[in-house]
Structures are given as structure tokens and as C-alpha cells.
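Colleague: Here's the letter readout for the chains.
Number of protein chains: 4
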Amino acid sequence: MSEIVKIGIIGTGRIGKLHGNNLAFAVPNAKLEAVADLYMNEEMRAWAQGLGVKKVYNNPAQIFNDPEIDAVFICSSSEAHADLIIQAAAAQKHIFCEKPLHTDATKIQSALNAVEKAGVKLQVGFVRRFDHNHKKVRDIVASGRLGKPHIIKVTSRDPEQQPMEYIRNSGGIFLDMTIHDFDMVRYLSGSEVTEVTAIGTVKIDDRISEFNDVDTAIVMLKFANGAIGVIENSRAARYGYDQRVEVHCDKGCVQDYNDLIDTAMISTKEGVYTEKPKWFFLERYNEAFIAEARDFVAIILQDTSPSVTGIDGLMPVLIAKAAQKSLQEGRTVNIAELT
Amino acid sequence: MSEIVKIGIIGTGRIGKLHGNNLAFAVPNAKLEAVADLYMNEEMRAWAQGLGVKKVYNNPAQIFNDPEIDAVFICSSSEAHADLIIQAAAAQKHIFCEKPLHTDATKIQSALNAVEKAGVKLQVGFVRRFDHNHKKVRDIVASGRLGKPHIIKVTSRDPEQQPMEYIRNSGGIFLDMTIHDFDMVRYLSGSEVTEVTAIGTVKIDDRISEFNDVDTAIVMLKFANGAIGVIENSRAARYGYDQRVEVHCDKGCVQDYNDLIDTAMISTKEGVYTEKPKWFFLERYNEAFIAEARDFVAIILQDTSPSVTGIDGLMPVLIAKAAQKSLQEGRTVNIAELT
Amino acid sequence: MSEIVKIGIIGTGRIGKLHGNNLAFAVPNAKLEAVADLYMNEEMRAWAQGLGVKKVYNNPAQIFNDPEIDAVFICSSSEAHADLIIQAAAAQKHIFCEKPLHTDATKIQSALNAVEKAGVKLQVGFVRRFDHNHKKVRDIVASGRLGKPHIIKVTSRDPEQQPMEYIRNSGGIFLDMTIHDFDMVRYLSGSEVTEVTAIGTVKIDDRISEFNDVDTAIVMLKFANGAIGVIENSRAARYGYDQRVEVHCDKGCVQDYNDLIDTAMISTKEGVYTEKPKWFFLERYNEAFIAEARDFVAIILQDTSPSVTGIDGLMPVLIAKAAQKSLQEGRTVNIAELT
Amino acid sequence: MSEIVKIGIIGTGRIGKLHGNNLAFAVPNAKLEAVADLYMNEEMRAWAQGLGVKKVYNNPAQIFNDPEIDAVFICSSSEAHADLIIQAAAAQKHIFCEKPLHTDATKIQSALNAVEKAGVKLQVGFVRRFDHNHKKVRDIVASGRLGKPHIIKVTSRDPEQQPMEYIRNSGGIFLDMTIHDFDMVRYLSGSEVTEVTAIGTVKIDDRISEFNDVDTAIVMLKFANGAIGVIENSRAARYGYDQRVEVHCDKGCVQDYNDLIDTAMISTKEGVYTEKPKWFFLERYNEAFIAEARDFVAIILQDTSPSVTGIDGLMPVLIAKAAQKSLQEGRTVNIAELT
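Protein chains in written order, with this note's numbering: chain A, 57 to 395; chain B, 57 to 395; chain C, 57 to 395; chain D, 57 to 395.
Please keep in mind that the hints were generated in silico from the structure rather than gathered at the bench. Be aware that one or more of the hints could be misleading.
Note that identical chains are pooled: a pair holds if it fits in a single copy or bridges any two copies.
[To be verified] Distance condition first, Cα-Cα at most 20 Å in a straight line; then the derived DMTMM-like pairs of lysine to aspartate or glutamate:
| # | residue 1 | residue 2 |
| --- | --- | --- |
| 1 | K191 | E339 |
| 2 | K334 | D318 |
| 3 | K192 | E326 |
| 4 | K163 | E98 |
| 5 | K111 | E124 |
Just chain A, same shape as in the assembly (with noise of 0.2 Å):
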């Protein structure tokens, strides 16, 4: 393979033009080849014309069709997740997919299959891990210089609700939002989650009570290696996206804040003002999201293993739809129910 991988895009709504700026910009050794999208309009075009990408289809499959492109990054919708990685894998493209793989856990591993039999590299889109700030966390705990962890800890609230239209089609709290914490404990502790229970209520919109989902949840885990944690979701901070993690271990703590808008601190008579945490993913993981890109394109340069792999896909997954039948029975659900 050539010093450059050149990468197409499938599916090219918020994420998928979030990615192609990225690897138009600021990934040095990918060249963005290629988009594609179902509904490809006006607008896409132009914005990937915008980028100096030649090749824009309203068709996957002539992404999977093009012998000059390496890669692929799955950034359609979830439920075309698992088919769009097996066709890529048919394919002998390296697959970049987005979370969630797909809602159902015998596509996924559909997938996890077709991917491993064509030998091709498949990272998955949980961007939080490469946040600095988590990262950070989870390096000190990965480094035993504080022991074994005892209880792993996520804040995640949305700084707005979603509009209604898209809880509706989420999946659930559990699939569009804690997904992503599912993926942090798991990163935080080196640990598989072995036990569920959620509570959960709905106190900022009660429409979503209609179709049976909560948009406040509380869920705590056990994990393989004898740790407990605890996830607390919001869809309305107001504040901001307020994205927290904490591991109390053996001989201390190790947490991170927010970052904030700007550190500028005002202190008059009515108290001392400072700024908001970072309003929502864009800002704050705009980072996270440029090193992902890098480390997947620097993961097929150099032949390595993916930093997020298939089964680091799949679990996440298992663990939301242990939460949804915990909530539902109000009981505590084992991992392996699930299995």
C-alpha cells in the first residue's frame, strides 16, 4: 500500500461531513477519495466539491466497486451498519464504522464474521476514547500506579434534548446515548461488564414516556474484575455537554473535568462567573475525532491491530439491551442473559 490511504465516505449527513473535513484537513496520510449517499443532493456536492473530492456517488456500492480506494468510512444510518461492513469487507476494504455496529447482536456478529474471514481492519466510532482528557484517565488506571479499580464512575448529560423526531428512531436511551458510556466503562476499568441495573424518568419531556423510554437514567455495573460503577445520563444538561469520568482505586482517585469555553473569571459583588463546559460533541470532541481519524489510517499504514475493535462494538450493545430489559423488569440483569 502506498504512503497515503484513500478513504471513502458512506453516508454523508453530520458525522459523515464531520469525518471528511478531518481527513481532508487534518489527517496527512489519508486522501479523501470518495463520497457516497443514498440521498445524495445539492448540498453534499457541493460541499464535497468544496474539498476537492472528484468522485461522489448516490451509491455504496460503486465506493465498494473503486480499486483505488483502500478504505471506508460507515457513516450512514445504524440499522445499515452490519451490511454496508459486510459488503465492505467482501469488498477487502478496511472499515471504519460509526456506533452503534447495529441494534441486533446477531448482525453484529454477522459482521464481526464477514470482517475477520476477509481479513481486513475494522475500528469502531467510540471517539470519547480518544478524548485527552479520558484517555488520560484511563492511562493512569491501565498503568496499575494506583492499584486495581474499585468503582468506575461516568457523568454524561446532552446539553439539549435531541429533537423528538430522532429519540423516536434512537433506539432508546440506552442505544443512542449511554452506548457510548457502555464503551467508557469498559475502556476505564479493563474490564467486561458482567451485571445491569438501570432506573430511569422522565422529567424533561413527557412525550418520550409515549414510546416506553426515559430521558433521565441512573446505571450501575459489575464488572468481571470484581469492580462496581455507576453511569448517570441526562438529555438536558443546559450547561453544556457535561462529560465526566472517575476511577477511585486501590490507592486514590483519578478524574477529569470538563473543558470549558474560555477560563476567563469575572468576581464582583454577586459571586465569581465562569464559563460553561464546551456546548456539545463538536467542541468537545473536536480533537478526539482528528486523532481517531489519524489512528485508523495510521493503524492500516503500519499493520497493526485496531484500538477499537469489532468486539468492542458488540459489547456496548449487549450491555444497552441488558439496561432496557433491567429498566423493563426492574430487576438486575445479567450480561449473559444476553448471550
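Using the hints provided, position chains B, C and D relative to the given structure of chain A.
Modeller: This is chains B, C and D only, laid out in the frame that chain A set:
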């Protein structure tokens, strides 16, 4: 009643002495009139003499029989609390009782009945309600300026494991440590706990397993007002007394941080070093113990209602029992099951 | 000498009462034996009675003549300090004297001579040396672990302007406010000031111009050990008592921050709000005043050298005089010019 | 003019490459058309090629003579700045020039005259004005919501001493380092500096004494609006790039803190450890360099006034000269003396 409240302390161990010192030096309208301990010894006598206390007894009854005494501080072992409350009420003494009121809910109810019948005041020693940080958080929530609470979160870790002999007789982590946090979530949320789910693990000292206890625990809670909550405990933080609370509401979040030993910050090539949280409750809640005693004395002098009532003493015991049951049976426990 | 130091307070204004309360309640080995004030009144008498003090005088001589009294706290107006020190020394009383020793260096020198001749102990009331934050910064510097100091920086702002009548008689900002900071830079640097350059402006209250004073000032300093420093003052911070110090050394920097009223943090769409620094010296240096009094009593009981010596009392006055001269003449002033 | 500004870079050393990369990748309306360097070499050529630049010159004149080029970035050595500005103006190119414009005020004035005569735009590279933190502080002050400024304070320390060869030719600390801070105080205060007093010391490397320079300095300033200020510099902070500003005003204070490498916080028995400030200007002002280039391009496209004018380029040089004079002569220097 005169402008001075004359007080007798029952039980002059660590916590009794702490209250005695505060009453002698830091509560303007209080006079420490007498102390009693079933195991009165030379060291306790010397301490009492140092405070100018002339009535030093080895039987609480001597305090109850002393017509000069207006109020008692019950600081004996937990099992004696309920009986001493009943005796104090019968003697028409106002009562400050350390937590927990008792480990048996029926005994507590008898004590509360006796207090009600006697018409004396009973205040329970949940000192954290008087901490400047936690109180501020609660006041913000209670003011309604952030709207209704969604999530109540408490992090509560002791600096080092207490002696194994103490833990063995403590009634377990939920009745010993978490009971303070159960009170705190009621205080912060302004609502009653309805359901409890607890998980736990032994990560600090394996001997704790021998008496069916855990040293690391997470408890999820549902409240009558629809909020949900989580408490997280460790018997050994190692870096001091970690005491943080957080309430997420309609319009945002209010949280507090630990008071640190000092604010000095050292920046070198190796990083930035600051001090740890204050070591344990004597350091962190020093001012709160004084505020608590002043509050009790003011309540007597002004004939107002106790800030921390008998029900406030009862409910955390019930929640603790529910948490124990949840841990043992691996399921969510409804508080109604306990009553 | 017995195990108890019997103390008389001379001058029972705001600062005299503060010391009196601390000696009565918070210094185990001290007994507040007498108080004297040339303008003794009913309110002062009631205060003394409340502390159980029986000897209430309207003439300091009565304290000097009382053979039961071991030590005095001189808390009168500044102009009387030096003479009272001389009288106290003649009466063989140990002396704690509030700052400044006097505004006239010759008078100070006479007082120091009297103290030396009498062989009594003299400690000067530079209370900030006993603050937990500043002391930690100084201890880090003194330990040498950061190498030699390069830059000494002090930010010192009062919350609100004092009454104009007070300011008029204060001796000017350098003798009234900055004198504490001149002591602080000596304490932090472990070195003597050699040169002073001051600038100032009137930004808060124009009436201050009438008596040739400023309300906002910056003073640059050179030290005998080659370090340089800067102090910055305002008579009206508005947001509380801003008291921060910073020392940059060979290997890095140590600084402290203000103690805040509480640690609660409120996050909303409008931003993040936290509390102000503690309001003024009574709040911020409350513990330091107690530590200072305990230290003085321990020095007498253990017959050790004072922590804040007569020279420590003299030097800041000289530096203040140099700063005044620098401001008036628009040039750098060498401390040697003053001596 | 078309919607795209075509730019030539003159001088492709460290700072020229930085601007080149930003223009190529991060400024949507800019096209990096040409680069020139008197010492053009293979490494520079490869870099330009990597950016897709075809016009690679070894003489700035080739850029000035190219009618396709709209604007130039002057990134050569400081002594050449003024002459290159004059040539660029004569060629009707808009000009972005790195600081300082020159070390000689007369040369600067000639350059500004040439710019004015030619009617082209000149922006000076004081990048810190585009930093999110400093800009926020300035915007708060400029809004007037805190009233008028009283004290302007800048802490500015390099992480490690630059190579001695660089320092020898840097023009001294005030023209090399502090010049940024002289710009910053003008930016923050919204007023002109009228008087300067500087002190300095050699604490880091004795060789600096040999060329009459210092490595540690404090500069006090008076402003036309009655405010006073202080800048403090060290050539070796050791713990990163320490860049903090603070403005105290009628109603309170606004200040900023350093951006840290990450927010992870490790708490153990030994204390609490967090990360250092970002290492140096490439890390700390990375985003500001991009914002600065975007701003310059927008100014050209929208034909508006430069954000950082020629006068903004001239004044800091005069203040630096005054500081040098003050240090040498041990007295306050009025800016009027320099003009």
C-alpha cells in the same frame, strides 16, 4: 427558661467529648452542666474538669434526675440510644441524639412516641446538614431557582478503613456510613426515598467478607417526587474524606467540592500539586458540629421546631435496611416493604 | 511561671476584643486576666464580664502594676504602641503588639531597645504569617525544594473602602494596608528589601486625593538575595478580601488562592457561578488569629524566640516610608536612605 | 476581488510555516499561492510541495511582482520587516506582518507612511489578542459592565530559556518577550501607556548579564485613563507557558487562567496532581493563530479596518524602548521622551 440552656452529656467517648468541647467553648447560650458515662474513668474526669464541669457521673440517671439540667446530648453506643431517649423524655429533658437513633425501627418508633407524649424537643445528629457547602447546595435546590430536581448524587468516602473491631460492630456499611448519605439525599431532594437498589464489593479488606459486609458500595434510589439518585461509598479513599454532593435540576446543576487543607499550588516540570481534602469528619465538619449545637440551643430557647426531626432519624434507618436487603437478595427493594 | 499565661489586654476596640475572645475561648494555656481601655465604657464592660474577666481598668498602668499578669496584648491606637511597649517592658511583662509598632522608626527603635534591656519577649501582630495558605507557600519556598526565589508577588485588596475618617488617620495606604504585604514579602522571600518603587492612583474615592493618598497602588521591590517582587493593592475589590501570594523559583512556582465562602458551584445556561472569597480579615484570618495567640503563649511557656520579632516590626515601617517617598518623588528609593 | 484571497508567505522559518499550514488547511477563504525565503532550501521546498504550493521563490520580489497575489505574510527576521512592508505596499499587496514591526521607531514610521500612501491593509501579528481567554477578558472590560479599569496585570513566562544565540540577537527581553505583554496591556486597558518603570534580575543564566540583558523582569505602567498596571516576566517558568491576565475595575475583577494539557486530577495520600499549562506558544496559541489568519482574510474580503493596526505595531516598540531606558537608568521613563 433562662437565657442559658444547661446541658448534660451522656456518653463521653470521642463524639461526646467533641460536643462537650463545643458546648463549653463555642455555644454562647449553653452551659455544660454535667457529664455521665457508664465507664467513667480518670481520663474522662480530667477532661470534664478542664472544662469546668463539676457534675461528673457514672450513671445517666443522675443527669435525668438533676432538675437543673434542661437538655441532654445522647452520645452513647447506638443500641442504648432509644432507651435513653425514652428516659430523657420521661424526665422532661430536651434531647439531642447522635445518629442512628437505633438499628431497630420498632425501637425508634417507641422512642419517637415517648418524645411526642412528653412534648420535649428531639434533634438528631445528622451534622452534615450544617456543613456550609452541603447546606448551600440544598438551599439552592430548595429555593426552586433551578426548577425541580432530576438526579441526586452523593460521593462519600472515608479516608482510611476504621479498625476491624469497629466495623464488625457497626451494623454494616449502610447503617454505619451510608446512613449519613441517606439523610443527605432526603435533605437535598426534599422528598422521600421509595425504592432502593444496592450493589457492593469487597476491595479493601477481605476480612469484611467474613461478616457479610462490603467496603465499596453503590446505591440507586427513587424518590417520591420522581427524581432518581445515586450514592457511592468507599471505606478507604486514601486521599482524605471525600464528601461531594450534586443535584441536577430542570435548569442546571448545583454541586459542591471538598474543602482542602490549604490552597497552595505548586507548579513544576512534573505537574501541578495541590493539597488533599481535609482528612476526616473532625476536620471537615468541625464548624458544622458547632453550628449544629448552636442550632439545637436556639431551638430550645426560641421554642421552635427541630431542624432534624425524629422522622429524619427514622427514615435513613429504614433506607439502610432496604439497602441491606437489596444487596442480599439482588433486587430492588421498596421502602414500603420495611414498614 | 505556671502552666497558664495570665494576660491583660490594652485597648478593647475591634482588634482588642477579637484577641480577647480568642484568649478566653481558644487558647488552652492562656487566661484573660484583665482588660484596660482609656475610654472604657459600658459596652466594653459587658463584653469583659461575658468572658468572666473581673479586672476591668481604664488605665493601662493598672495592668502593668498587677503582679499577677504575665503578658500584655497592646491593641491601642498605633501612636501609643511604642510608649506602651516601653512601659510594659519596664514592668517585666511579655508583649504582643499589634502592627504597626509605630509610624516613627526612631520611636520603634527606642521600644526595641527597652524590650532588649528588659529581657522580655516581644511579638508583633503580623497575623497573615499564621494563615494556613500563606504559611504553606512560605514553607515550600523555605524548604528549598523549588530552588531560589526569583519573583515574589502579592495581591492584596480590601473588600470595601474603610470609612474616610479611618483612612484620613491611617498614615496612608502604605502604612495602613501595604504594611502587611511588606511583611509578607519579607516572610516569603526570606530576604530583606533593598529598593522600592511605587506608583498609585485614585480610582475609588476622589476625597482620598485631598490628603495626598492613593487608593490603588503597585509597589516593585528588589531584595538582598537578588529576587524581585511586586505588591498590588486596592482599597475596594468589591468581591471580598482578595489575598493571594505567589513565588516563582528556579524550578517552578508556588502560589495560593483565596479561601471561598463555600464550594457550591451552580451551572446553568448563563454560566457557572461560585462563591466569592471570604469577606474580610475577620473571616479570612479567623483561624490565623487563634494560631497567632497560641504561638505567643507557647513561646512564653517554652521560653523560645518570638516568631515575629521586633525587627520584623521595624522593617515594614521603613519599607512603607520608602514607598511613600517613591510615590511622592517619582523615583526608586533605596531602603538605606531611610536608616 | 474574488472570494478567495491569494497569499504569499515571505520567510518560511518556524513562524512562516505555522502560518502556511494554517492558510492551507484552516482558513476557508485563503489560498496559499506562493512562498519565498532568501535561504530557500530542500526542506522548505518539500514542505511547500506538501501543501500543494507551486510557486516557491528565493526572493520576496518574485512575490511582490506576481499580479495573482493579493496579500503577503511577512515572517522574515525582524530587521527586514519595515523594508518588506514598504515594498509590499508599493506592490499594492495587503500585509500581515509578524511582530515587532522593527526595533527602530523611525523605520516603523516610514513603513506606516508607505502603507497609508498605498492604501493597503496592514495587520500586525499580535496573536494573543485572538486567544479565547484573553479576548474574553478584554471583551468584559470593553463592555463596561465592570466599570472603569483600575489595575491591569499580566503574568507572562516562557517555559524554558530559548537558545543563547537567539537571546543574544533578540533585542533584549523587552523587545523580544515583553513586547507581546505591552500589546496586551494596551488591548486590555483600551488606553495608551504614558509612563514605564522597569526592574530586572538575572536568575536563570548568568551569560545573559554579558549582553546587558535580564531574564526576570517586572514592569510597572501608568495609562492615560488613570489606570496602573504591572507585567511580570521570566524566561524559564519550567512548568509550561504561564500566560495569565487580570483587570481589576470599579465593580470587580476579571482574570483568566492557563489552558491545561488535560483536566485529569489524581488524588492520593501524597496530594492532588493535575497537569501543567500547555507547553509553549504553538500549543497554547494554536487556535489563536488560526483565528488571526481568518480575521486578516475576512478584513480583506469585507474591506474593513485591521484589528491590529500599524499604531498597535508601533506603540509596544516605544514602550519596550522606554522599559530598556528605565532599567538602565534606574528611573521612571515617560513615553513622550521616546517620541
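Colleague: Indicate, hint by hint, whether the structure satisfies it.
Modeller: Status of each hint after checking the structure:
1. Taking the shortest Cα distances, K191 and E339 sit within 20 Å of each other both inside one copy (17 Å) and across copies (18 Å).
2. Taking the shortest Cα distances, K334 and D318 sit within 20 Å of each other both inside one copy (9 Å) and across copies (14 Å).
3. Taking the shortest alpha-carbon separations for K192 and E326, only the inter-copy value of 15 Å comes in at or below 20 Å, while the best intra-copy value is 36 Å.
4. Proximity of K163 and E98 under a CA criterion of 20 Å is satisfied in neither setting, with 33 Å inside one chain copy and 53 Å between copies.
5. When the C-alpha separation of K111 and E124 is checked against a cutoff of 20 Å, the pair qualifies only within one copy, where the shortest distance is 11 Å, while the shortest distance between copies is 30 Å.
Of the numbered hints listed earlier, the single one contradicted by the structure is hint 4.
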